[in-house]
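Protein chains: 2
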Amino acid sequence: MSLLIVGTVAFDTIETPFGKAEKVIGGAGTYASWAASYLKDNIRLVSIIGEDWPKNELQKMNLRGINTDGIHVVPNGKSFFWIGKYADNMIERETLATELNVLADFDPKLPPFYKDSEYVLLGNLTPAVQMSVVEQMSKRPKLIVLDTMNFWIDSERDSLMEVIKKIDILSINDEEARMLSNEYNLVKAADRILQYGPKYVIIKKGEHGALLFSKEQMFFAPAMPLSKISDPTGAGDSFAGGLMGYISSQGKTDFETVKQGLVYGAAMGSFCVEDFSLDKLQNISTQDIAKRVADLKTLSQV
Amino acid sequence: MSLLIVGTVAFDTIETPFGKAEKVIGGAGTYASWAASYLKDNIRLVSIIGEDWPKNELQKMNLRGINTDGIHVVPNGKSFFWIGKYADNMIERETLATELNVLADFDPKLPPFYKDSEYVLLGNLTPAVQMSVVEQMSKRPKLIVLDTMNFWIDSERDSLMEVIKKIDILSINDEEARMLSNEYNLVKAADRILQYGPKYVIIKKGEHGALLFSKEQMFFAPAMPLSKISDPTGAGDSFAGGLMGYISSQGKTDFETVKQGLVYGAAMGSFCVEDFSLDKLQNISTQDIAKRVADLKTLSQV
Chain E
731 MSLLIVGTVA FDTIETPFGK AEKVIGGAGT YASWAASYLK DNIRLVSIIG
781 EDWPKNELQK MNLRGINTDG IHVVPNGKSF FWIGKYADNM IERETLATEL
831 NVLADFDPKL PPFYKDSEYV LLGNLTPAVQ MSVVEQMSKR PKLIVLDTMN
881 FWIDSERDSL MEVIKKIDIL SINDEEARML SNEYNLVKAA DRILQYGPKY
931 VIIKKGEHGA LLFSKEQMFF APAMPLSKIS DPTGAGDSFA GGLMGYISSQ
981 GKTDFETVKQ GLVYGAAMGS FCVEDFSLDK LQNISTQDIA KRVADLKTLS
1031 QV
Chain X
731 MSLLIVGTVA FDTIETPFGK AEKVIGGAGT YASWAASYLK DNIRLVSIIG
781 EDWPKNELQK MNLRGINTDG IHVVPNGKSF FWIGKYADNM IERETLATEL
831 NVLADFDPKL PPFYKDSEYV LLGNLTPAVQ MSVVEQMSKR PKLIVLDTMN
881 FWIDSERDSL MEVIKKIDIL SINDEEARML SNEYNLVKAA DRILQYGPKY
931 VIIKKGEHGA LLFSKEQMFF APAMPLSKIS DPTGAGDSFA GGLMGYISSQ
981 GKTDFETVKQ GLVYGAAMGS FCVEDFSLDK LQNISTQDIA KRVADLKTLS
1031 QV
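Going down the list, the sequences are from chains E and X.
The opening residue of the first sequence carries number 731 in the numbering used here; numbering runs sequentially from there.
The opening residue of the second sequence carries number 731 in the numbering used here; numbering runs sequentially from there.
Hints listed in this document are in silico derivations from the structure and should not be mistaken for laboratory results.
Some clues are possibly wrong.
Unchecked claim - The following residues of chain E were derived to be distant from chain X, with all beta-carbon distances above 10 Å: (1) V754; (2) N797; (3) D818; (4) H938; (5) K945; (6) S957.
Stated by the list, open to error - Derived contacts from chain E toward chain X, CB cut-off under 10 Å, selection only: (7) G814; (8) Y816; (9) M820; (10) R823; (11) A827; (12) L916; (13) F950; (14) P955; (15) Q990; (16) E1004; (17) L1026; (18) S1030; (19) V1032.
To be verified - When the alpha-carbon atoms are kept at most 16 Å apart in a straight line, the in silico EDC-like pairs for lysine to aspartate or glutamate are as follows: (20) K750(X) x D1009(X); (21) K896(X) x D818(X); (22) K869(E) x D846(E); (23) K958(X) x D921(E); (24) K958(X) x D818(X); (25) K958(E) x D1005(E); (26) K958(E) x E986(X); (27) K872(E) x D984(E); (28) K869(E) x D898(E); (29) K958(E) x D818(E); (30) K945(X) x E986(X); (31) K958(E) x E848(X); (32) K869(X) x D846(X); (33) K918(X) x E1004(E); (34) K958(X) x D818(E); (35) K918(E) x E986(X); (36) K1010(E) x E787(E); (37) K808(E) x E781(E).
Note that CB positions come from ideal geometry on N, CA and C, so glycine has one too.
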């Protein structure tokens, strides 16, 4: 079972009340791939970078079973760069600068051996790029998960809706779910979104956990209460990576499997925020993950 | 096992985006007693009202096993009256008027047969009133739960801290926990509050569920995602009533029992918000409760 991940591979400069990290590695594709790599081998990453992105970080990915042939390196190009600052509550954040750089011309060409991937995670990118990846697949994957953001819901709604018709799971946060569905109540928002086509919708509420809905069932995965949160950047991407790493490792797509996937997603998201950039996510063991998953299961077990 | 509840018995006028209820029955003591009454008999309610509070509502309470001898009726007095309006998100609310009326002179005198109650719920009132009730008990109850609010944390911190030393469980919301502990992080806030004396602290996060902490353990009870929320008034009091109703019915105070209590609290809180005033809480069956509790357990079961 192969897992294809499409997402940014980038630099971030991040300021939080607990410190600052200057031009460190980041990007949705980076976080999601690292998170998935502890649960799944045979991962294929599609992205675009400039020559400034560190080669040894690509090698580290390869050592973890992440194939990077699908990362297009633009000669003399500069990688996508985001500068942001978090408020004291570590939830609200301000974008200080966004340098699209090579991402502005991202038109992914999948290596031929990527095209039969059975599990696909479409990270937050323009709906046109997401659709292009779907159309390049040689056969319908077993499961396609899509992430998006308020910007695309607002500015590219029609093309986003076209992609949403082609996927199995939409994974978005609570505000985006409200915006997409025009329903404030999250149960109603999920009902509406399920009518758009996906089989499941996941509504992420950050530190308040995540909800999973199908037409018949509902599940809630709490987030791990942590005494130290250093940097929330990448938490949602790590969640998606953990989710897809687990699901693709099981080879099943039923509600029960996706439920378990949410717990693995919550575990990987909780590691991500414990340090800046990939610092924690690159330094955990399978034992750490097993313990965090067990703790998450105990947390709400009655 | 007897359960003593101290709290307001009052009138509310409530406006939400879904409707308005004019001068309907309310009050923390009313909500908590009704919620507890489905799980426990032998409930004793201490409060103060004016002659304007409907006698048939007292009779309805009596029929449900709630003794109201501890409710002092002030001749020609007017009952406590709160007027509030909820924002579109049904979380933020504005107090339009607070008429203390008879509550201004509330100096509870416990009927002698109340004084041996084994379980005590001290609803949100002045710390002096809460302390007076504790001091009137003829023997140390098995479990005392205290609710409070930002107003008392701010204006009566010293006397509140004295009461907190005498109780077993502090039940407050996330903002109050932060204010009381001077810690933003809820895990750290709970740690700090446990140092003040209570054996357990419950941090209520409204629609995002509730956390239970002891020095060694942590538990999270999700709130039920509902497609219809009519009126959030009394949800926290119904939660406290469900919690104490369950715990006192079990006659145990260990972590496992309190955990289960949180689920019963979440169930009763979820019924409360489905209609205005006590309209839903007065019209449920034990079957409804068993089903809601089962649904809550399924919701986060992995």
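For this structure, which hints from the list above don't hold up? 3, 4, 6, 7, 8, 10, 11, 16, 21, 26, 31, 34, 35
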